[in-house]
Structures are given as C-alpha cells and as structure tokens.
Amino acid sequence: GNSVTQMEGPVTLSEEAFLTINCTYTATGYPSLFWYVQYPGEGLQLLLKATKADDKGSNKGFEATYRKETTSFHLEKGSVQVSDSAVYFCALTQSYNTDKLIFGTGTRLQVFP
Amino acid sequence: DTEVTQTPKHLVMGMTNKKSLKCEQHMGHRAMYWYKQKAKKPPELMFVYSYEKLSINESVPSRFSPECPNSSLLNLHLHALQPEDSALYLCASSRPDRDTIYFGEGSWLTVV
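Line order of the protein sequences matches chains A and B. Numbered according to my numbering, the first sequence spans residues 1 to 113. Numbered according to my numbering, the second sequence spans residues 1 to 112.
Only chain A is shown next, with the shape it has when bound in the complex (with noise of 0.2 angstroms):
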C-alpha cells in the first residue's frame, strides 16, 4: 500500500546547523508530496509541496526536491533557528484520491542555541 516513512527523531540541533530530515515514500502512480509543520500547542500549517518528480518545493528557508527514481522527498535547510524547533510531517496524497493525506509518524526538531 501506499506510506511514507521519516526518520526517527528527536533531531536536536544546534542553531545554525544544517538540517536534513529525511522522508521517504512507496506509492504507486504520482502522488503529491508535502511538508507540514506542527509548532508546539498549534495545528499544523503547510511547509512546502511538490507536484511532480524534479520539482523543488521551498519556504522559510527550507528545500525539498521530488526524487522520484530514489522515492524521496527530504528536507534541508541551511542554518536553523531556535525558532525551527516543531514537529515536521511528510506527507502525500495519492493521484487518484486526493482528499486523504497520508503521514509520515512526523520527526521532532529541536534546535538549542
């Protein structure tokens, strides 16, 4: 079936480290792919996305390139704040039922100055 696996967290960083928090998907057709961020006490809030394999998705900083022939989807970011710390979601749906998201278990960031 179709899922999506993160890597196992808590990452703790310092601030200005280099983030990679890695996602991997099996799928079948094309899915979607997506980055959500859940803050501490809040919901959670779209990060990034990709469409199609070689997109790059990007916000805030953060980067994830659709690598369809290795079926990931990481993130990175170049220099991480302490304001970075949350849980981090990869996510996809499936081409042909859109309505349901699929998540990966999350990977918590904290990030310490």
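Treat the hints as calculated values from the structure; they're not laboratory data. From the three backbone atoms N, C-alpha and C, an ideal C-beta is built for every residue, glycine too. Mixed in with the good hints, there may be bad ones.
To give an idea of the interface, some chain A residues facing chain B are shown, with a C-beta separation under 7 angstroms as derived from the structure [said to hold, decoys possible]:
id: 1; residue: E42
id: 2; residue: G43
id: 3; residue: K77
id: 4; residue: F89
id: 5; residue: T98
id: 6; residue: D99
id: 7; residue: L101
Chain B side only, calculated, beta carbon under 7 angstroms to chain A, not exhaustive [said to hold, decoys possible]:
id: 8; residue: A39
id: 9; residue: P42
id: 10; residue: L45
id: 11; residue: V48
id: 12; residue: L90
id: 13; residue: R98
id: 14; residue: I101
id: 15; residue: F103
id: 16; residue: E105
id: 17; residue: G106
Calculated from the model, a selection of chain B residues having no Cβ within reach of chain A, i.e. all distances over 10 angstroms [to be verified]:
id: 18; residue: M15
id: 19; residue: N17
id: 20; residue: S72
With chain A fixed as given, assemble chain B onto it according to the hints.
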C-alpha cells in the same frame, strides 16, 4: 489567504455531555475535512465533505457526527464520548482541484 478557523480552541466535556466543534473557511474551498490527532502521532482522517456532501467516513464511531450546513462551515457534533477520545481535532479544507489541504489551529478536546 489560507485561513481555516476553528472554535473553541479548548473544550472539556463530560461523558454524558453534548457539544460541538465548529470550523469555518471563506476561501471558496469545496472540500472540508475532520482529522483527529493523538499526542505524538500524525493526524488521522475522520471525515471528508465534498460540495457539502459526506464523501468519506473512515469508520468513525457514531458518537462523532459531522455536519456541513453550507460551503463555508463544518461542524463536528460530540455525544457520549469516552476519555480515549481526548485529542486535538483538526479541521482542514482544500480547493476543488484538491491541490493542497490547509489545516486550522485545531480544537483541544478533553473528555472527563
């Protein structure tokens, strides 16, 4: 503008109470969703409304009753809940092309 507004932000209810969660969006989105999120877990889909009609019910117990009065509003009626139903309830919406699903801030529900 991608705002989905949920009320109340916090709700405490007893197991015999009847309460409702409300969700509103004015972006012209024609699909609206309820998700449930337990602590340290990803959100789980409960219901989908498409053009004000229920299109997906993910085998949710009948003590949760969704309602879509019009294209901008979505309610979740709660009755005879159990303590294990305590969670963050997230409303979401998307455009007709279903390109992206946008979430609200959520309603924190505690059942005592």
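Hint-by-hint comparison with the structure:
Taking 7 angstroms as the C-beta cut-off, the interface hint given for E42/A holds, the closest approach to chain B being about 6 angstroms. Residue-level restraint check for G43/A holds (minimum Cβ-Cβ distance to chain B is 4 angstroms; threshold 7 angstroms). With 7 angstroms as the threshold, the beta carbon of K77/A stays out of range of chain B, its nearest partner Cβ sitting at about 21 angstroms, so the hint is violated. For F89/A, the interface hint holds, since its Cβ comes within 7 angstroms of a Cβ in chain B; the closest pair sits about 6 angstroms apart.
Checking T98/A against chain B: minimum C-beta separation of about 4 angstroms stays under 7 angstroms; hint holds. Given the 7 angstroms rule on beta carbons, the hint for D99/A holds: about 5 angstroms separates it from the nearest Cβ of chain B. With its C-beta approaching chain B no nearer than about 6 angstroms, L101/A sits inside the 7 angstroms limit, and its interface hint holds. Because the closest C-beta pair between A39/B and chain A is about 11 angstroms apart, greater than 7 angstroms, the hint is violated.
For P42/B, the interface hint holds, since its Cβ comes within 7 angstroms of a Cβ in chain A; the closest pair sits about 4 angstroms apart. Hint status for L45/B: holds, given a least beta-carbon distance of 6 angstroms to chain A, under 7 angstroms. A hinted interface residue such as V48/B counts as satisfied when its beta carbon comes closer than 7 angstroms to some beta carbon of chain A; here the least separation is about 5 angstroms, so the hint holds. Nearest Cβ of chain A to the Cβ of L90/B: about 6 angstroms, under the 7 angstroms cut. The hint holds.
At its closest, the beta carbon of R98/B sits 4 angstroms from a beta carbon of chain A; the interface hint therefore holds under the 7 angstroms criterion. Because the smallest distance between the Cβ of I101/B and any Cβ of chain A comes to about 6 angstroms, under 7 angstroms, the interface hint for this residue holds. Hint status for F103/B: holds, given a least beta-carbon distance of 4 angstroms to chain A, under 7 angstroms. Annotation: E105/B was flagged as interfacial toward chain A, and the flag holds, the nearest CB pair being 4 angstroms apart, inside 7 angstroms.
A cut of 7 angstroms between beta carbons decides the hint on G106/B: the least distance to chain A is about 4 angstroms, and the hint holds. Even its closest Cβ contact with chain A, about 25 angstroms, leaves M15/B beyond 10 angstroms, as expected for a residue assigned away from the interface. The beta carbon of N17/B is kept farther than 10 angstroms from every beta carbon of chain A, the shortest such distance being approximately 24 angstroms. No Cβ of chain A approaches the Cβ of S72/B within 10 angstroms, the least distance being about 18 angstroms, so the stated non-interface status holds.
The earlier numbered hints that this structure contradicts are 3, 8.
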